[in-house]
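So the sequence lines, in the order shown, correspond to chains P and V. Per numbering that gives the first Met the number 0, the very first residue in the first sequence carries number 0; after that it's consecutive. Per numbering that gives the first Met the number 0, the very first residue in the second sequence carries number 0; after that it's consecutive.
Treat each hint with caution, since some may be false.
[Unchecked claim] Under 10 Å between C-beta atoms, here's a sample of chain P residues computed to sit facing chain V:
#, residue
1, Ala39
2, Asp45
3, Asp47
4, Ala50
5, Ala52
6, Ile85
7, Thr159
8, Leu171
9, Arg265
10, Ala348
11, Pro352
12, Leu477
13, Arg481
14, Leu483
15, Leu524
[As the list claims (entries may be wrong)] Here are the computed distance ranges between Cβ atoms for each label pair:
#, chain 1, residue 1, chain 2, residue 2, range
16, P, Arg548, V, Ala79, 29 to 35 Å
17, V, Lys431, P, Leu27, 52 to 58 Å
18, V, Thr198, P, Gly95, 50 to 56 Å
19, P, Thr56, V, Ser222, 42 to 48 Å
20, V, Ala130, P, Thr361, 39 to 45 Å
21, P, Leu27, V, Gly217, 55 to 61 Å
22, P, Arg122, V, Thr198, 53 to 59 Å
23, V, Asp78, P, His77, 20 to 26 Å
24, P, Trp26, V, Glu113, 46 to 52 Å
25, P, Val66, V, Val84, 45 to 51 Å
26, P, Glu89, V, Arg144, 36 to 42 Å
27, P, Ala357, V, Pro331, 30 to 36 Å
28, V, Ala199, P, Leu27, 36 to 42 Å
29, V, Asp78, P, Leu394, 57 to 63 Å
It is worth saying that the hints were derived from the structure and are not from the lab. Ideal Cβ placement from N, Cα and C applies to all residues, glycine included.
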Amino acid sequence: MGSRGGALLWRAAPAAALVCGIGLLPWLSHTDPALTVLKARSADRDPDPEALAAVRTRLGLEEGPSVLLGRWLGGLWHGDAGRSWISGTEVAPAVGQALGASLLLMAVSLVVACCTAAAVCARTLHLGARRRLHGRIPGGSLSAVLAALPEFLTASVLATVVGVRLGWLPALGWYGPQWTVLPALALGLPAGAVLGRLLDDRLPAAFAEPWASAATARGLPGRNIARQALRRCVPGLLPNLGLFAVGLTGGAVAVEQIFDIPGLGRTTLQAALAQDLPVLQAAALALVALAAVTTAAARLAVGRLVGTALRDGALHTLHRPLHTLHGRPSTVRRILPLAYGILLLGVIAAGFPRDPLALDTTTRLRPPSTTHPFGTDALGRDMLARVAHGALDTLLLALAVSALALVAGVLLGLLPRLSGPLVDTVNAVPPVLAALLVTALWRGGGATPVVAVAVVAWVPLAAHTSALLRQERATLHLAATRALGAGRWYLLRRGILPAVLPPVVRHGLLRLPGVALALASLGFLGLGAQPPSPEWGLLLAENQPYAERAPWAVLAPAAVLALLGALAVTATGRAGARVGGAR
Amino acid sequence: MHPPRPPRRPRLLTAFLLAPLLTGCFAATGDAGAAAGGKDAARLRVALAFPPAENLSPYGADATILSRLGVTEGLTALDANGAAVPALASSWRREDDRTWRFTLREAVFQDGTEVTPAAVVTALTRAGRAAPAPAALSGVTLTARAQGATGVRITTTDPDPVLPLRLTSPSLAVLAPKAYGGKGAVDPVGTATGPFTLTAVTGTTSAALDRFDDYWGGRAQASGIDARFIADGTARANALRTGQIDLAEAIPVSQAAALDAGSRRETATTRTTSLLLNTESGTFKDAALRAAARAAVDTGALAEGVYEGHADPGAGIYGPAVTWAGGKRLTPTGRAKAKKPDGAPVTLATYDNRPELPEAAQVLKQQLEKAGFTVQLEVREYSRLESDALAGKFDAFVGARNSLLDTGDPVSLLASDFTCDGGYNLALLCDKDVDRAVERARTVADTSERQDAALAAEAVILATDAVVPLVHQRVVTGVADTVGGVLLDPYERTLVGTGTRR
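Chain P with its partners taken away, still in its complex shape (with noise of 0.2 Å):
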């Protein structure tokens, strides 16, 4: 009974810990809410002495922020969550609103997700049912670009080509069910990728289980041993899937600008930035509440999937060797990632020699051609050496990042108890806030970019760990070697961690394009890059207003990400089948 009173103290702690972390931030950031107020209800005004004097005295900021807090908590208990300090109405309706809006796009998103997922694997489940999966490679590439697929570009060209051009859909706007299509398509295929590719990731093994081959020679149809290989492998991602929830909720603010979707990404964006606090806090509880329910359904899901089987530790390890499974490597399994590192090393190489800086306005967003091949952008600069340049600093931050992510992400992912209330959390937080948050607490000057991706970056590597920590603790195989008088620590380097690093490894690598882009989005705080620097992120944002005037000026920079991508995917599936093969 005491320890799960404690669980549920360390369920509450941080989601308590961000709230008062929200009422804290100006006090922390040193960044006058009077003045961020001011500005939000009108840019133009000067903020002279009086007028700040007069909104401190309204919004009561005298009185410091632990009375401010109590004051809104205990309106809370009373279910007022306060009035806007920028507009002076009430938070909890706009709020409640807001998530309406905001979880309906999730919704449509999440649909389209499981559709692009089923897309992805779609090839490896009519091969795997067939028994046919043997010496195939896993694609991949594909998928790779797709995850890397910024959402604010998908969204520029979806709402431009198919609303605008074409007409099919209305291009902007929330007003009903044809609304819905362009966003959710903006948001939901990347993520469906990442999910597809995860679970695509995983269902070879499940194939290669004993049971299928039985289930075969019996003569049961295919559609159902691909049904049972699913049932499988999808409980290791629903917490991944609760987390993409979670993360479109809050974070959809480019795609909500574009499509002028009143959703809580917007809303949160604009409160953070003019601290106000009241719509913050509301926004935040909302969101994590939202967590708490979506890994709450995610958990019963996984026990209604695998319960049984996980209680009494009859799973077989989704991880074997993975010759197994393919025989050797086959030659375009070795080639491809060649191929993706040689074009990538060749546009780098190419690019070197021109200058990423020399800007020439009277030659602006000048198409493809023999003198600049990736052509210009909105000042005249050659974007092939734009995107050559900004790959060192693009990589080594991104990588910075990524690995920091990564070493977390297992790290916390192998204490489940401890980080699941964590995840959910950190995972609520709008990215915004969440820099915010950290620029406010850190001030590491060149490293504080870093931090404020990694803090968050971790988390779906952590709830990816978890879950496959959690299933591979119920196979036969640990079971066997734990009763051979095996130690913990046996276990985890030659049980656990084999089996779950490199699907995590492969997860994270997946995830590197979006981490520059996260990068990038720190620009606001004059955080990370500065323009003119080419970084990869910010060349993509600088370059998002002209995406129809001038395709070239972002597809450039989006393809090399998405060749990154692909790259990394393709190579560590190769590794990995290195190591498989050498055991």
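Guided by the hints, dock chain V onto chain P, whose structure is given.
Positioned in the frame of chain P, the structure of chain V alone reads:
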């Protein structure tokens, strides 16, 4: 061991459990959605760029929304030349240094009550008591008294030669007494005097307006307005291109080319983008280096290259939209002689809320580096930048600023931005000659003489090289082919009027 279970039916994805939340999750369509179907052809569909921040309170920036949609009016209005013209007041005269007398015209509020001197007094008094005070009233205390059946006498504690100009500010709009009835916020719904009356406001997403048939200036041609607030510039342009909207405010430069030439209307605005140099510390403390920076800047390249011709090269603090400034401008004299920068370090700060500014800053960086400076850029969101900029942490700052501020008075900008006591002195300029010239302009009452004095002060300020005017932006309004009579206004205070129709 458990007995083998009968095979369970596969449970379909639990994630879909969240889908039933469908109803009620869409934006309230209100009239905006209904009108999109085209039921009432004479209603105008307008996309505004700035969502109401304070529930359409008339005392902040939202006042501009109300005045652009033709909802509110003040006693006076600004004409194209920047002079005060009659609105709710038909005439006025100055009785002494501190007192002005306004004569009201016959008009009715949208709730049916008459516009009386008492109502005007209530409106002005409430504006004076607002916290924070409206920008147009900052540093001014005024007392209004009713005088007979049509007169209002306004007294200020200090002599205020520009009171009629001040009263043109949208935040000093006159609303019916009913609007001030509630305890907290002022309610502009159905209580103003303009040609259109607000009927419904849906949060920060949309607002519906109907024609006000008893408007003193005649019935408006459009039967109503469906206004949508779309913050994203690309989204506004898309709305116009797909025909969801008849009129889109402030199309960003990057999207202007996507519109047909016929639906792009350009208006010169009073907004000037300038390079402000920190005169208090760092590299630009040296006037000779400031002169070198000014000489290095090529404003034509900015206007053409960054603003794609939707801007005029910097002429002075006041741009071509300030029509009276053009002919009377003085050439600055006594400027310092430029010297070689020899790699002097410069931190150039700007904000990304206006997408053109980071681009302009990058072009400037190249121009300054060509002249011999070593430049580092600092780009942030505006509210994260301002305090550091005001504290002089950067050597140079690129920003856009409305040169006539809230009052339409040319001198108030000079006082707040370039004098020792100025509240928004980003150049940290403190120069005796400048202070003297601004002070002289401040005391002049006659409109034309005041303009001359302002231009004289402008020349003194430009001579210090603390500010280098870069471009004067033109705002692009997207107007559908079928729409006529749009009020394009350099002061950005009007948009829809009685003659606007489709």
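Does the interface hint hold: is Leu171 (chain P) within less than 10 Å of chain V, judged Cβ to Cβ?
-> With Cβ-Cβ at 5 Å, under 10 Å, it holds.
36 to 42 Å as the expected CB spacing between Arg144 (chain V) and Glu89 (chain P), which holds or is violated | Holds: the Cβ-Cβ distance is about 38 Å, inside 36 to 42 Å.
Status of the given 52 to 58 Å range, CB of Leu27 (chain P) versus CB of Lys431 (chain V) | Because 42 Å falls outside the window, the suggested range is violated.
So, Pro352 (chain P) near chain V? Judge it on the closest CB pair being under 10 Å.
-> Given a least distance of 20 Å, the restraint on Pro352 (chain P) is violated.
May I ask you to test the hint 29 to 35 Å on the CB atoms belonging to Arg548 (chain P) and Ala79 (chain V)?
-> Holds, at about 33 Å.
May I ask you to test the hint 46 to 52 Å on the CB atoms belonging to Trp26 (chain P) and Glu113 (chain V)?
-> 51 Å, holds
Consistency of beta-carbon spacing, Thr361 (chain P) to Ala130 (chain V), with hint 39 to 45 Å = 51 Å, violated
Closer than 10 Å between Cβ atoms is the bar; does Arg265 (chain P) clear it against chain V? Give me holds or violated.
-> 8 Å, holds
Is the interface hint for Leu477 (chain P) satisfied, with its Cβ closer than 10 Å to some Cβ of chain V?
-> 19 Å, violated
So, Asp45 (chain P) near chain V? Judge it on the closest CB pair being under 10 Å.
-> 4 Å, holds
Is the interface hint for Ala39 (chain P) satisfied, with its Cβ closer than 10 Å to some Cβ of chain V?
-> For Ala39 (chain P), the interface hint holds, since the closest Cβ of chain V sits about 6 Å away, which is under 10 Å.
Hint check, Ala348 (chain P) versus chain V [nearest Cβ-Cβ separation less than 10 Å] | Since chain V brings no Cβ nearer than about 26 Å to Ala348 (chain P), farther than 10 Å, the hint is violated.
The structure shown violates the earlier hints numbered 10, 11, 12, 13, 14, 17, 18, 20 and 23.
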